[in-house]
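K.L.:
On the provided structure of chain A, position chain B as indicated by the hints.
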Amino acid sequence: MKRYILWIFAISASSFLFSCSKDSSSADSGSEQTGTGGSLARFTIYGEYLYTVDHQVLKTYSLADPEEPALISAVNIGWAIETIYPYEGSLFIGSRDAMYIYNLTDPGRPKQAGMVSHVRACDPVVADDDYAYVTVRAGTSCGGIESALLVYDAINPNRIKQIASIPLEEPYGLGIKGNTLYICDGNAGLKIFDVSNPKSPAVLTSRDGYMFKDCIPYHDILVCMVSRGLVIYDISNPNNPVFVAEIIS
Amino acid sequence: MPLVLCVAIIISCTKEFDVPIREEAWVPVYVQLEDSKAIKALEARQPNAGGKIYAWQEYLFQLEPNQGIHVYVLEDKVPKPLQFIQVYGAQEIAIRNNILYTNNFNDIVSLDIANLRDIKVKSRVSQVFDIGQSSLPPENGYFQCVDPEKGIVVSWELKTNVAAKCRY
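In order, the protein sequence lines correspond to chains A and B.
The first sequence begins at 1 in my numbering and counts up one residue at a time.
The second sequence begins at 1001 in my numbering and counts up one residue at a time.
Bear in mind the hints are in silico, worked out from the structure with no lab data behind them.
The model shown is predicted, which means the values in this text are computed figures rather than measured ones.
All C-beta atoms in this analysis are idealised placements derived from N, C-alpha and C, irrespective of residue type, glycine included.
Be a bit skeptical, because a hint or two may be false.
No farther apart than 25 Å at their CA atoms in a straight line, the calculated lysine to any residue pairs in the SDA-like style are these [to be verified]: (1) A/K59 / B/V1121; (2) B/K1077 / A/G209; (3) A/K59 / B/Q1091; (4) B/K1150 / B/Q1032; (5) B/K1120 / A/Q33; (6) B/K1120 / A/E48; (7) A/K161 / A/A148; (8) B/K1037 / B/C1145; (9) B/K1080 / A/D234; (10) B/K1037 / B/V1027; (11) B/K1122 / B/N1106; (12) B/K1080 / A/S236; (13) B/K1122 / A/S62; (14) B/K1037 / A/D54; (15) B/K1040 / A/Q33; (16) B/K1159 / B/E1139; (17) B/K1080 / A/N237; (18) B/K1037 / B/Q1144; (19) B/K1080 / B/Q1032; (20) B/K1037 / B/V1121; (21) B/K1122 / A/P66; (22) B/K1159 / B/V1027; (23) B/K1122 / A/G108; (24) A/K59 / B/S1134; (25) A/K59 / B/V1128; (26) A/K59 / B/Y1088; (27) A/K59 / B/N1106; (28) B/K1077 / A/D208; (29) B/K1037 / A/E67; (30) B/K1159 / A/S249; (31) B/K1120 / A/P66; (32) B/K1122 / A/N237; (33) B/K1077 / A/T205; (34) A/K59 / B/N1066.
So these bits of chain A aren't anywhere near chain B, every CB distance computed over 10 Å [as the list claims (entries may be wrong)]: (35) G89; (36) G108; (37) K111; (38) E170; (39) D208.
Just chain A, same shape as in the assembly (with noise of 0.2 Å):
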């Protein structure tokens, strides 16, 4: 199965996001022992380490003892630092105004690998094996106009192209299981494409009745973090998700 790298960027007046997810449940090379986290992850858990950031720094904890995590490094990486996503062997951090890869080949010591910024202030770029996905979100201090959902070629990290822009109206969080997007558009709702054919993401379906902000597929099921709590649905059909429950205030 071919896997992406999902890259969320949101550009709003008071974050930058960017995040990653996919549909197995953790880096740990398929075992259940590390959680799953959804895009708006300051904190994430690699192999034996625990990588967190706060605004400027990010911190590597070892593992090894479980109950007493270790601090091992700790680099200043930038400013108005968001998220942070690792995957196969780098971690991707979101900033305001740039996307950080820093190399895990030493994983208690991240190395940064490289740094994109772009054009257009606060688009991400995420390298992956061959594409990545990106939500904008518009209104922002980065002076964002745009809500959209960007697809760029990222098979040569060195020149990322974008081959698909697909216009949203507030999007927030997303993830992917297979060849399904799933991206929370806000009060717009979910929206669900299909990205078997990454240059035309295809809109398969919809979900509203919240306001949805993130999600994660997470075996058959897909978490949504709405406003004001969460609600499953039961995505056995990846392409057509069926409300299964609402936890809500």
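P.N.:
Only chain B this time, still in chain A's reference frame:
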């Protein structure tokens, strides 16, 4: 001279009483420093703001920002409320090998959740995670300014007919 003194006293006295009463204003809820570090398993409660989500084994977790973590157990895809873990200042979560890592304000705490009914705090790394705890209420409006002498702000309540000087 005595006249000036009288006037000065009158002015300073009225200052204490001239904080306007607002129809609606946010009021900070304080806890003492030691209590702000107390981490405990409490009965399940309704979510309020709906924060970040996390999944691990057959459990789902949702942050209640600055309050703690809602814990649900999945039963045939349906989340059943299990409990609420009080962690003031909590904004993040990650879990590995039965240990839940979260932040208690600027500290990272490690919680043994092998037995969710008996959560044990295993360690605390102090003053290592700083994303700024807000001294502002959750929404725009009038609010009672935060007074650090009163303790640590852990939540806000919207009250009616209350004196409030600050505005957001």
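K.L.:
Hints numbered earlier in the text: which of these fail when held up against the supplied structure?
P.N.:
Violated: hints 19, 32.
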